[in-house]
Each structure stands twice: as C-alpha cells, then as structure tokens.
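K.L.:
Fit chain B to the known structure of chain A by using the hints.
If you're matching them up, the sequences are chains A and B in order. The first sequence begins at 343 in this note's numbering and counts up one residue at a time. The second sequence begins at 3 in this note's numbering and counts up one residue at a time.
Don't read these hints as lab results, they were simulated from the structure. Be aware that one or more of the hints could be misleading.
Said to hold, decoys possible - SDA-like cross-link-like pairs, simulated, lysine to any residue; straight-line CA separation at most 25 Å:
#	chain 1	residue 1	chain 2	residue 2
1	B	K250	B	K390
2	B	K360	B	S420
3	B	K241	A	L383
4	B	K57	B	N33
5	A	K557	A	N544
6	A	K473	B	M346
7	B	K241	A	S363
8	B	K241	A	T371
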Amino acid sequence: MIEGWNLVIGIEIHAQVNSKSKLFSSSPTDFGSKPNSQVSLIDAAMPGMLPVINKFCIEQAVKSGIGLNAKINKKSIFDRKNYFYQDLPQGYQISQYKDPIVGEGFVEIETENGQKKIGVERLHLEQDAGKSLHDQDPNFTFVDLNRSGIALMEIVSKPDMSSPEEAVEYVRKVRSILRYLGTCDGNMEQGSIRADVNVSVNKPGNELGTRCEIKNLNSFKFIHAAIVYEAKRQIKLIEQGESVNQETRLFNTQSGETRSMRSKEDAHDYRYFPDPDLLPLTLDDDWIKGLQESIPELPDKIKERFIKEYSLSSYDANIIVSDKATSEYFEDVVKNRNPKLVTTWVTGELFSILNKKNLIIEDSPITSKQLGELVDNIENGKISNRQAKEVLEEMCESGKGALEIIDEKGLSQISDENEIESLVDNVLNSNPENVKKYKNGKDKLFGFFVGEAMKLSKGKANPKIVNDLIKKKLSQ
Amino acid sequence: MKDSYTLKSLAVLLENNKISSKELTSEYLKNIENGKELNCYNTISQEKALIDAEKSDERRKSQNLRSKYDGIPIGIKDLFCTKGVTTTASSKILSNFVPNYESTVTQNCDDAGLISLGKLNCDEFAMGSTNKTSFFGSVKNPWKSVNSDYELVPGGSSGGSAAAVSGDLCVASLGTDTGGSIRQPASFTGTVGLKPSYGRVSRWGIVAFASSLDQAGPITKTVEDAAILLDIISGHDEKDSTSSVNPKENYYENLNSDIKGMKIGIPKEFRSDKLPASTQKSWDECANLLKTNGAEIVDISLPHTMSALPAYYIIAPAEASSNLARYDGVRYGLRVKGNDLIDMYEKTRSEGFGDEVKRRILIGTYVLSSGYYDAYYIKAQKIRSLIKSDYVEAFKKVDAILTPSTPSTAFEIANEPSDPVQNYLNDIFTVPVNLAGLPGISIPYANDENNLPIGLQLITNSFEEQKLLNVAKNIEETINYSETPEKWWLK
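The shape of chain A in the complex, shown without the other chains (with noise of 0.2 Å):
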C-alpha cells in the first residue's frame, strides 16, 4: 500500500449466532426489541441462577467450523472472563479461552495478485454483554439486557493480510460464508457482524511492528479507512525515529481517524478460569459426521461450477456467489437460458436497479421468475435491448410481467423476415439515386438506408435482421 513498508493485519470477527434464543437461556434474540423485554432470570445473573448449554447455537458453531474447512475440537471448554461492568451482569462473560469448539482453518480470498490463502487461528463461542445507554439522563446510564446472554463466535485469523483490500475481501469472505451456512445473518448494520482488527508496520527484511487493535469495526468502509489512518499513522510515527506502543483503539468514523483507548499496561487481568458451572463440552464423531453432510454447497464450490458449467469469468462469478441469494437468484434465471446474456443482465441492470432503491436482492422488486421472462423475449429477438431496459423499468414501477409491458406499449420487435425484407425493398426503392452511390462506392451511405427502413417499422424492426438483408440486397 505504502511504497518501502509491509502491512501485517490480523482480525477478531465478532459474528452473532444466527439463534431464536440465547446462549445459555431461553430468552428471545429478536433485534430491535422494547428495551429489557427479552431478559431471563439467567441474564440478569439473578443469584442462584444457572447457564443451561443451547444446543443449537453448539451446531452453528461447528457448522462455521466446517465452513472455515478447520479443526473440530471433540472437547472444548466454557471459562470464565472476569471484569466489571454495569452491563455485564454476572461480572464475568462467559466464553471459551484456552479450549476453542474449533481449531486451525482457512479461507481463501481473491486479490490482485490471484488466490490467497487467510488462516484461521480459532473459533470460540461467547457470550455478549448487554448494552449501556449514556444519553438517556443526564446522570445516569440506562442498561438494557437485550442483548445480554447472546451467542456470539469469535472468529480469529492469523496475521495473514497485507492490504486493507485484502482484509476487507477477508471478512467479506467470511461473512459470505456464514450467510451460506445460514449461521450468521450477516447484517452489520444491525451489529451482527464486528471486526477488531490488529495492524503493524514493517520494513522489509526487517522483524514484525508492534501492532495495535482497532475495535468494534462494524462496516467494511470504515475497516478499510481504519486500516489505511493506523498504517500511516504508524509508519510516520516510525519515520519520526518514535516507537509505536501497543495499544487498543478506537475509530471515529465521522473524522476517519483512530484514538488511543488504552494501553497495554492498562490491559484488563480477566483471570480466565473453567466455568464450575457447566461440564466440558464433548462432541460425537456421528454427530459432527452429520453436520459435515448437512453443509449445503459453498461459494468456492459454486464458483467452480458456475465457471465450469456457465463459462462464466472467475470475476463474474466472484460477484454473483460472494452472496448466497444472488446465486440463488442466478442459478434460478440461467437455468435453460444464454448464461452470457442472463449474467449481463443480472449483474448489469438488476443490480443497478437494486444499488439505485438501495435494496438487497432477497427484496428485489423482480423476481427471477420475471427476469427470466424479460431473458427470453430478448433472446428470441421479440425485444432489443435498449428496449429491454426500457421494460424493465417498467416492470420495477407497476410489478407487470415483461410480456404484459411489451403488449401495452407495442414494442414488440418486429422479426419476421418477409415483412422486413418489404420494408427494405420499399426504402431502395424509394432512393434509386443513393444505391447508385453506394454501389460507385460511397459505403456511408448504409447507415441512411437502416435508419430509413427503422424509422418505417417506427422502430420496431430487429436492426440485426435489417441489417442482415440490406447488405445482402446491396451485394446483388
């Protein structure tokens, strides 16, 4: 990025269970919700109270585990984070330290440079902690529990990224994947997914750069801004002949710059130790068999099938399977039609359409069911292309199929051979002089004879077809 300097990142994704209830309760995860209404009496640490394993929330883990292609632990353990805080009610978050649910994995991501592999360190489930509100009074904080109690994996990868572009297409990936497993809804917006990202600078040839980490990253602009401000921030501070200590900060996404939030020195002792109140968690080879079969086709694989199958290029099917729904969608147009065409159109107009309402496909306003209409009549010529777009617009604005648009408004492209072939002789013989010189060769002269037999059909005429028998009547 910096010309002379290495970046070295690594990131914390913090991705919320895609769970009906919480970790080690029964209490709802609805987003949204009236503060404290989706609280237990095990979320509020009442005294006495006791966490309960969600199995559920256990399978999505080892599910992401598969996803990330990474070790199942057969046995892993809850411990004991110990800090206080108004609205961590048990004065400790429960989650998992020296023994992950799951080990070593990866994944792979494009950049410039091709396929690079990101490993993954681990993934580990926790708890999240509720959620204080400084602006409700002025001398109090509110807390609300909502969120208390709910599962979150924490995904590490290894410090394998060297550009902010690498990093975003990391987490992207990953949430990407997820989003297939259908164990994280990967909205981020609503916090589902949370980068922290830890950056270093270095010469090289030279040993790593203290790193610092950057918290609570919540979109993939600010991971990026985030990255570029601390990597400059860094290496200018080294250029100074200062050193960079090792600290946690935090990103002003008004001002797009990082501040310090603490340091190393003030880093909290957690004093980690075994959950007394839940046994180590042991899993079945049958069980983790099982989910391994239930894993429904990944991007990768899709990747290679849609190039394999469709002749797509590796980047346009990049876009189409970074998200599961548009391959989905896809796959739902392409089937029994011209790919080419089908991927113009889907990654063309349909997204263009989507990016303007600011809409994600799963809310498109045309379904596939539809678009493959609106395919067909252009493939079969009923239609130009300007023309299609035009439809389509149209089909945005009322919700008509593409055949009723193409009937009301009489666009239907006029194919029929014969009755273009008479358009064509009506125009040459109307302008004798003129096929005299184009024939003495004045070639110009073949765009005037289209566009008199098109302003004839009132535009109607499929321009390949006119085209085709002027040519050919010319060269008699």
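P.N.:
Positioned in the frame of chain A, the structure of chain B alone reads:
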C-alpha cells in the same frame, strides 16, 4: 413439645389426625418465638406458614395429599431463593432481596407439601464455620458445656439450620455444604447432617458460593429423616448442567441397617495427637461396634488428605470471587451511591460484604490473577485430582470410610480464634469429601466430658447415598444416642 418429633413420627401423627398441620406449625412458630435468643431465623414466615398449613389440612381432608409428609413444617437455610420471601445469604448486600422465583430444592419440598417456617441464619454467603460472619449476628448453640455458662458456636455455615433442629425450632432443615457446612454444625449440635454426592441435588436457585463444591442437603434428628428429606429434594434437574442423570434410589424405603460383610475403612491420615481424647475414643468405639455388627475394619491410606485444606482455600475463594461479582449494586440488593460507576461499586461492595467474604474475594482474585494462576489455581486443581484418586483407590478396598466429623466439639463464641487459618482447620475432616464430590454424613455418637455432642463422619463412593445411610442407620440403632440440650433459653 415432644422431643421425639421426627419427620417419620409427625407423618404418623398427621395421618392419624392426632394433630393438624396448623397446630403443628403454630407449635413450632411458638418455639421459634420462645427461642429468639438462639438467633436461628433471619426471617420467620409466620403468616405464610399458617396459611400453607391450613391448605395442607384441607388437602388432608379432601384426601389430596402431596406426599406422606404433607403439612410438616421445616426450616430453610437463608441461601435458598424463595419466591416472595426475603433471601439474604445473611449478607447486608442482599438484605433487601426478595426473589420472584423458587429454588429447585425448596420447590421440591413444596411439591411434597412441606411447609416453610422461615429462613435460617448462616455464615455470610456460607463462608465460615462458626456462624459468626452473618450480618444478622451469631447463632447460639442450644448446647452448653456442663462446666460453664458461656455461649457456644453452633458451627457453620449452616449454623442456624443445625441449631434450629437441635433446639426444636423445626423438626428438620435444609442446609448447604461447600467444605463441611452441613456436617460440621450437625456435629456441634448433636444432629444428623448429610452432604449428598456432587450433582445429586440441584443447585438451581441456591445463592452460589463455590459452584464446583456446593451441595444442598438435610439436617435432621435421625438417619431415617435424612433419608426421607433426601428422597424429597434430590434428583436430576435440567436447569443445572452439573446435576446428575444417575437415577436416584428410594432411600427411605430401601434403608437397611444390615452391614454384615461390609468393609469399613479407617484412614490413618485422619489420626492426630491433637484430636481430643473423647473424640478419639468415640471413633475407636464406633469402629469396634461396626466390627461387632458384622463389618470388617480395614486400615486405609488417603495420602493427600493434608493437602486438601490448602487446595480448598484456593479453589473455593477463586470460584467465590467470580460468583460474587454479580453483587454490584446495579440490578438488585444494596446500592450505595457513588460519584461514578467505579465509586458506586467500591462503596456498595465495601459496605455490603463482611470481612470474611472480602477476605475470600481477595484471595480468590489473587489466585486467579495472571502470573499466579498456575502456581495456585492450577496446582490446587491438581491436588484435587490426587485427592479424588485417593478415594477412588480406597473405595476399591472398602464400602465406607469412618472418621471424626470435626477436630473438636463446639467452642465458645467469644473464643473464636482470631487467626482465620486456625478457623479454617474446623473443616479439615470434611473438606476432602467436597473436593472429591462424595457423599458424607455426620451422626452424633456420644457426648464428651463437657456434655457436648461428638459427631462421626461416614463417607462412601459417589452416588452411594443408600449405602451411606445404611451404615449410619446401623450405628444409630446400636448406640441409640438420645441426648438433647437443656433448653436454657426458655428460662
């Protein structure tokens, strides 16, 4: 008041309509009122108990009983959360806390129709062996030495539970035992105290001290009553992940005092010159008695016994330091206002906790701190495994182990050692049993030269409560211990 009241005898009296639950409950409430000086109860559920008794009498009339014991009033250690009834753990920090939920154990009692007379005093957060750490003051032992009028400690932490049974302020009670908190006070008060195997009884709804050691159990007048109450409170609870799925037996029905052919182990590591002669004598006598009754006495070794207490005083405070973090003034219990969050925490916890609790939180925090964790916590866990394997080995050779329950009989309240470590030695015989997760029972054997009860402890393998109760029953039947304290508080 008849001293011979037991769960078993009361069930018969109620069945034959010799007494109603309301009459019985009133009688105990009167005893409690007259015994206020003993300071056994933190909360007396006068009204609720009488209403519940009336309901029980109605059930009896309509032949709709919840169990044979429906209508018998008992006392509950103030560590069990009870719906609508203040639950303090004898701490200032919870002195205003009224749960809106019922612990599994007390729910089981309610399901059997037992009636709660109120909440029994104990050491603060069950930390102590004299009951002196209670925010509500010491419990007084119903027993007094023949040679002096000094007040004696009832033991702890379930001091209120033991003293109340001993002084007839209830016929039976519930306690909890983390390092001896049922057996040691039972021993000091001439009652029967049973700590079940870890996992036999649900911990859900019991204020936690040290989660890997805590276990609830009965304090009663007889071994039979201990079996009856264990039947009622034990069993698997899906709300407690550490609760055992091992099927429980019908302890009372299967009670069988025949011990012919059983092997009883006497661990040499429990022998000590410091043991009072009368305790040593009782221990020896009891071994002989068991031999006479058909058992074989086997000398055994539990080599890591002496490491149990240091290991316990690392593990228990470590867990406690974390378990007690929730008492932070944020959601319930005491809150002392501060300038900011940290200030509020500090003031609340400084005022809310007593010295012993603070001491253990500090020890626990220290031993879990980075840099000390391996040297203390991990080492203590290793010792714990060694102690467990001591017992695994021993139970390959013997059916049960016989030891004294405590290194002394009850001592004067005023004479409590000022050195906490001296105090911790009270639990020296009981702590290994908790570390190994085994069941243990203390039964009164005889009185010493000062007429104070001496308790003996029996230990069996995990989930062998039936065998434990059978051996205890054999001893009880043979010696027929029938000493009761003189009710000096009635004068």
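K.L.:
A separate judgement is required for each hint: does it hold in the structure or not?
P.N.:
Hint check:
Distance hint between K250 (chain B) and K390 (chain B) is fulfilled; the C-alpha atoms sit about 22 Å from each other, no more than 25 Å. Using a Cα cut-off of 25 Å, the hinted pair K360 (chain B) and S420 (chain B) holds, with the two alpha carbons roughly 16 Å apart. Restraint check: the Cα-Cα separation between K241 (chain B) and L383 (chain A) comes to about 12 Å, which is no more than 25 Å; the hinted pair holds. The straight-line distance between the Cα atoms of K57 (chain B) and N33 (chain B) is roughly 22 Å, inside the 25 Å bound, and the hint therefore holds.
At most 25 Å may separate the alpha-carbon atoms for a hinted pair to count; K557 (chain A) and N544 (chain A) meet this at roughly 21 Å. At most 25 Å may separate the alpha-carbon atoms for a hinted pair to count; K473 (chain A) and M346 (chain B) meet this at roughly 19 Å. Using a Cα cut-off of 25 Å, the hinted pair K241 (chain B) and S363 (chain A) holds, with the two alpha carbons roughly 15 Å apart. In summary, the hint linking K241 (chain B) to T371 (chain A) is supported, as the alpha carbons are separated by about 20 Å, within the 25 Å threshold.
Comparing the model with each numbered hint stated earlier shows that all of them hold.
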